[in-house]
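Here the protein sequences come in this chain order: A and B.
Those letters in the first sequence? Residues 1 to 536, by UniProt numbering.
Those letters in the second sequence? Residues 1 to 189, by UniProt numbering.
Read the hints as simulated data drawn from the structure, not as lab findings.
Don't take each hint at face value.
Said to hold, decoys possible - If you only want the chain B side, here are some residues facing chain A, beta carbon under 10 Å, derived:
1. Gly-25
2. Phe-28
3. Leu-30
4. Gln-74
5. Ile-115
6. Leu-171
7. Tyr-172
Said to hold, decoys possible - Straight-line distance between alpha carbons at most 25 Å, and here's what the computed SDA-like set of lysine to any residue pairs gives:
8. B:Lys-86 x A:Gly-319
9. B:Lys-177 x A:Phe-239
10. B:Lys-177 x A:Gly-249
11. B:Lys-86 x B:Met-70
12. A:Lys-204 x A:Lys-508
13. B:Lys-177 x A:Pro-164
14. B:Lys-177 x A:Asp-165
Note that the structure is a prediction, hence the values are computed from the model and not measured.
All residues carry an ideal CB built from backbone N, CA and C; glycine is no exception.
In case you want the letters, here they are:
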Amino acid sequence: MNTTTREANMDAAHIEESNEHHEAHPTGIKRWLFTTNHKDIGTLYLWFSFIMFLTGGAMAMVIRAELFQPGLQLVEPNFFNQMTTVHGLIMVFGAVMPAFTGLANWLIPMMIGAPDMALPRMNNWSFWILPFAFTILLSSLFMEGGGPNFGWTFYAPLSTTYSPDSTALFVFSIHIMGISSIMGAINVVVTIVNMRAPGMSWMKLPLFVWTWLITAFLLIAVMPVLAGVVTMVLTDKYFGTSFFDAAGGGDPVMFQHIFWFFGHPEVYIMILPSFGIISAIVPAFSRKRLFGYSSMVYATASIAILSFLVWAHHMFTTGMPVFAELFFMYCTMLIAVPTGVKVFNWVATMWRGSLSFETPMLFAIAFIILFTIGGFSGLMLAITPVDFQYHDTYFVVAHFHYVLVTGAIFSIMAAAYYWLPKWTGHMYDEKLGKLHFWCSVISVNVLFFPMHFLGLAGMPRRIPDYAIQFADVNQIVSIGGFAFGLSQFIFLALVIKCIKGGEKAPAKPWDGAEGLEWTLPSPAPYHSFSTPPEVK
Amino acid sequence: MSRPSATSNRKLIIWLMTGAIGMFGFGFALVPLYDVLCEQLGINGKTQSTASTYKPMTIDTSRVITVEFMANIQQDMPWEFTPEVKRMQVHPGELVRTNFNAKSLALATTVGQAIPSVSPGQGAAYFNKTECFCFNQQLLAAQSSAALPLIFYVDPDLPDTISTLTLSYTLYNITDKGYVGAVEQGAAK
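So that you can see chain A by itself, here it is in the shape it has in the complex:
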């Protein structure tokens, strides 16, 4: 197949332009601004996500410093609220989601034997609007009256009647993030559906590709709902509508229904690609094939479908009818079944495998154990009668940090270690990697595990001050928090060291690894598969 046809296939609208630029590599800043290469864009996404991870992390440090002892020491309560809000927004939309999109950009074309993403120009756009979204969001913190302070869930009327003047900036930044995610998701779907190498049938797709395909459909389904609900907040606040204002015939509880209709699938958007990553790493370091491939695919799909039927488990205390509480409780518990299928499949993959414990595998195993802890506390929260005790306490905070930090973020770390040799062409420093792992895994548990007890003892979330009996445990939690934050600089140092040099990585640095990406040399060439590979 010649170059012209391939380019035409990628983007019919600009065939001529494509050809002109094909071999010209702009250098310096222009390379990054104008790039349509999936690897460049993947790299941009990953660095952006890491910067946001540190930014959101810095806010977490402010929160933990304030909570180090009872009383108000360091920050005003209003600023504290802005920190919890923006920490959540940054970590969800700035750190976890772009990291997964970055991984998708880097890996999906290589995994399915395609030369690039299907829509390279849209790809460039979907990345480059993100920095603007977060600049808008972060700049609102410096406005008079402060930035968003209503929690990342922006419940009405906190975000309408009682919100700061900067709320419009918050709304527009969410709009831009949503557009970026939707464009990214469309690109992923089109790439996977139309660009697979000959012979790459659906049930031969690597699980990372499968999980991302399903994630992309979730994104297309729910990001517009988020855009809709922020638009309603905008018009309620500035244009006199009454979607959520009871005085005008609206209902603030309806906000929660619409928000969580987006919010619960969003939770799975942030974990399904993790399942794909773990399903790649565990077999590689167990030197066995993945146990139960097809059940993994079906489990992922069932989790995605069920995610639309469980949103109201976030709102058990809003006074729902008993029937609805039971319905949402049972549906939520049902999700434990496909999730259990996955966890058991990973364990069965390791069973009698020839295991070795390089850093990616360590992170993957920690993921399996700690994500399961987060899953179990989720099951506890699903039980309606006890949720009345746990609701809005630190138990909830512990739960979602276990699934998002030791779940999503650990899987992203595992992915970074696993594919770094392919990306940079160098092996990373294994000693430094292990140091990063052990520092992280110990500190993260010191940070989040005691939060369960704080919650059970009744400490509410999102408060800058607390009753004196919580002082000791909060101190331990804060120390864990500072240690976890500092540990991430080891990772930064390791990545920089790996980019600059190190032992030359072979095409396939992990002897048990499978997949088309390992047939390419390391570092992967600028254009992945110029001729489609043969898939057996």
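Take the given structure of chain A and dock chain B to it, following the hints.
Just chain B now, with coordinates in the frame of chain A:
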């Protein structure tokens, strides 16, 4: 599998974009859907927003339902707002009249809108109002007061599990919202 043609890419993009735009619309469609569901199923404590007509019916004197009244005001509402009686015993099917007293403390004309809510939520569908000040916006001149009438009956089909109904009104200040057709209440007492 062959390499994609530009048209197959475009077709898929159009489908996906349509899906995204459709879901944006669905987000807004949830608003009326939510209202209809709440009203039809009588959940969320939402009572009907128009007057129901009372047809003479057998009064079930064997049952006594306690009806409690609550009045809340939003913090920026310069009115005093209280039920005339805090609780009463009624029989299902019996037509009952009571008043809420409103007194404006403001120095200018103010307009209020009362929003009812019935607890337990499952009882809302059985609480019928033939006349209610909450069906209209209420306008009070500065420093004046008024008795706001409420006429209701409890449907005899009310489930046996419910013996107490609490009717709560929250009064909102909508003076700045460009009200239409507010009912002006009588002169100052």
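**Violations among the numbered hints** = Of the numbered hints given earlier, the structure breaks none, since each of them holds.
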